[in-house]
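*Asks:* From first to last, the protein sequence lines are chains E and Z.
Take the first sequence: its position 100, counted from the start at 1, is 233 in my numbering, and no numbers get skipped.
Take the second sequence: its position 240, counted from the start at 1, is 373 in my numbering, and no numbers get skipped.
A portion of the hints provided could be inaccurate.
No distinction is drawn between identical chains; accordingly, a pair holds when it is met within one copy or between any pair of copies.
The list that follows gives simulated cross-link-like pairs (lysine to aspartate or glutamate, EDC-like), each with its CA atoms no further than 20 Å apart [as the list claims (entries may be wrong)]:
| id | residue 1 | residue 2 |
| --- | --- | --- |
| 1 | Lys253 | Asp199 |
| 2 | Lys276 | Glu359 |
| 3 | Lys255 | Asp199 |
| 4 | Lys276 | Glu256 |
| 5 | Lys255 | Asp396 |
Simulated from the structure, these hints should not be mistaken for lab results.
2 protein chains.
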Amino acid sequence: MKYYGALEAGGTKMVLAIMDENGKILQKSTIPTKAPDETMPEMLAFFSARPISALGIGGFGPLNLDQGSADYGCIMETPKLPWRHYPLLPVFREKLGVPVGLDTDVNAAALAEARLGAAKGKESCLYVTVGTGIGGGVIIHGKPVHGLMHPEIGHISVSPAPDDPMPRGVCPYHPHCLEGLASGPSIEKRWGVSARELPEHHPAWEIESAYLAQLCAGAMLTFSPEMIILGGGVMQRKFLLPMIRQKTVSLLNGYIAHPAVDDGLNHYIVAPGLDTQSGITGAYLLAREAEQRGGNRRG
Amino acid sequence: MKYYGALEAGGTKMVLAIMDENGKILQKSTIPTKAPDETMPEMLAFFSARPISALGIGGFGPLNLDQGSADYGCIMETPKLPWRHYPLLPVFREKLGVPVGLDTDVNAAALAEARLGAAKGKESCLYVTVGTGIGGGVIIHGKPVHGLMHPEIGHISVSPAPDDPMPRGVCPYHPHCLEGLASGPSIEKRWGVSARELPEHHPAWEIESAYLAQLCAGAMLTFSPEMIILGGGVMQRKFLLPMIRQKTVSLLNGYIAHPAVDDGLNHYIVAPGLDTQSGITGAYLLAREAEQRGGNRRG
Chain E
134 MKYYGALEAG GTKMVLAIMD ENGKILQKST IPTKAPDETM PEMLAFFSAR PISALGIGGF
194 GPLNLDQGSA DYGCIMETPK LPWRHYPLLP VFREKLGVPV GLDTDVNAAA LAEARLGAAK
254 GKESCLYVTV GTGIGGGVII HGKPVHGLMH PEIGHISVSP APDDPMPRGV CPYHPHCLEG
314 LASGPSIEKR WGVSARELPE HHPAWEIESA YLAQLCAGAM LTFSPEMIIL GGGVMQRKFL
374 LPMIRQKTVS LLNGYIAHPA VDDGLNHYIV APGLDTQSGI TGAYLLAREA EQRGGNRRG
Chain Z
134 MKYYGALEAG GTKMVLAIMD ENGKILQKST IPTKAPDETM PEMLAFFSAR PISALGIGGF
194 GPLNLDQGSA DYGCIMETPK LPWRHYPLLP VFREKLGVPV GLDTDVNAAA LAEARLGAAK
254 GKESCLYVTV GTGIGGGVII HGKPVHGLMH PEIGHISVSP APDDPMPRGV CPYHPHCLEG
314 LASGPSIEKR WGVSARELPE HHPAWEIESA YLAQLCAGAM LTFSPEMIIL GGGVMQRKFL
374 LPMIRQKTVS LLNGYIAHPA VDDGLNHYIV APGLDTQSGI TGAYLLAREA EQRGGNRRG
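Start from the sequences, fold in the hints, and give me the full structure.
*Replies:* Here is the structure:
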């Protein structure tokens, strides 16, 4: 039996797992994300305890995913200062001596949803997590999209809702971006109550779903994914999904004539099929791919 | 020598060409787009005059591009009523008896730009035409994107510019979509003068470039193309491109740290490399691909 390491590297916590070749989780651990000099040794110890064949990482970004770049596998201009420019992939590759696959946490989750989850059998999907931040991953033609850098989603511009009491969001970069207006912290700042505690019939949810509908309609018109999967802490409020579907249909206003729209997007804008395991499962898939590519070592 | 038919099927005109196997145009004709019973016989006569090996069509949409659908190759809910539900690909395939490749006009143009034009050597690009309408095509992982339907781009929502004297656009579907606020007709309605005649230092261009910058920044954050190519009649006003670049950088506001942004997007948001030939060249490439797939006939 072969073993694989899977790491969901988040800005607040690291989820580490050892999986077997069937994708079964044999061991799992969650540790807080501190500075690299503290967190890296802990993670290396975890992954060194078994003879893994490869490691897959779904990491918080922005990441350098350009395999032709000297900085391939490094974290880029993150506000998490101790991790800025940290050579995440190179260090794991050198210390563990195994192939390492890397993508954004959300591209990893999107990959898992496309291969094994809600979008299984589809060639494309958009996966978005709505929580402390907002981020998205994109699969097209069966593979994660990188392009110039990688999909980001959180900082797309949205039009402030007319009845939003806080039309300038909490993002320090952009007055009207999705993360600034619809992330968990923006909800809490706007209403003084966390997304978890706000009652179902609070006006907060009309505004929240209006912003997320702008994302969905824009994605449908722009790159036309075969499915949109919304996960993350805020989406745990299950009544949100139907509100988002309805408002997306309204925004499209009949322009996209497709059975999925006639169906009210009930099978198009959906919850993750892998529940909260999309990210770690995606990291496992990245490990498998890194092993297949072989080595993945340079220099 | 083999011959290929290429058709750029637009809502106002049809551009027809016969090309040799090197992509050289041997014969070209432009006819107005009238109703199918008038225009189809003319086009069929043109393409029947030589023994073509395959036909490629870049067509106005929306198109059904789902090869598993019974309506594959048909035009969908277009406002051009005589063409609504017209079985464009099936009729050409039956009457000409050759393989027929079909994609949207803008996906065809994007494909040509990615293979032979400004984005040559890149795996992804966004091509947008800004003219009578606004539409966009997307190449990712080297291939045109379809997904649920196909990229559309024109009807994405934008935030009205604060100083726009006509903040409600001309689109009958959406009050604030890009096509409604930034297409040639919207410019003409807003200022009473056509985009071609408006002087360079008219405030119109500040507003126009602000809307197109919203498109560019949104695309960069959403699916991160390796290049954005802006063509079409309105983009013939060459001073627009630098204005769009500058405003896109402002909108990103430092969030995407990449050499292309540091460079002011001068080599990232660009004019078509194939000038006005992207569409017909893309149709030719679709013909070549249809021939390679072989037959492409069903039923």
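*Asks:* Each hint: holds or not?
*Replies:* Each hint, compared with the structure:
1. For the identical chains of this complex, Lys253 and Asp199 are inter-copy neighbours only, at 18 Å across copies versus 27 Å inside a copy, given an alpha-carbon limit of 20 Å.
2. Taking identical chains as interchangeable, the C-alpha atoms of Lys276 and Glu359 lie at most 20 Å apart whether they share a chain (13 Å) or sit on different chains (16 Å).
3. In this assembly of identical chains, Lys255 and Asp199 lie within 20 Å of each other by CA distance solely across copies; the values are 13 Å between and 26 Å within a copy.
4. With identical chains, the CA atoms of Lys276 and Glu256 are at most 20 Å apart both within one copy (8 Å) and between copies (12 Å).
5. For a Cα distance limit of 20 Å, the shortest separation of Lys255 from Asp396 inside one copy, 18 Å, qualifies, whereas the shortest one across copies, 37 Å, does not.
In this structure, every one of the numbered hints holds.
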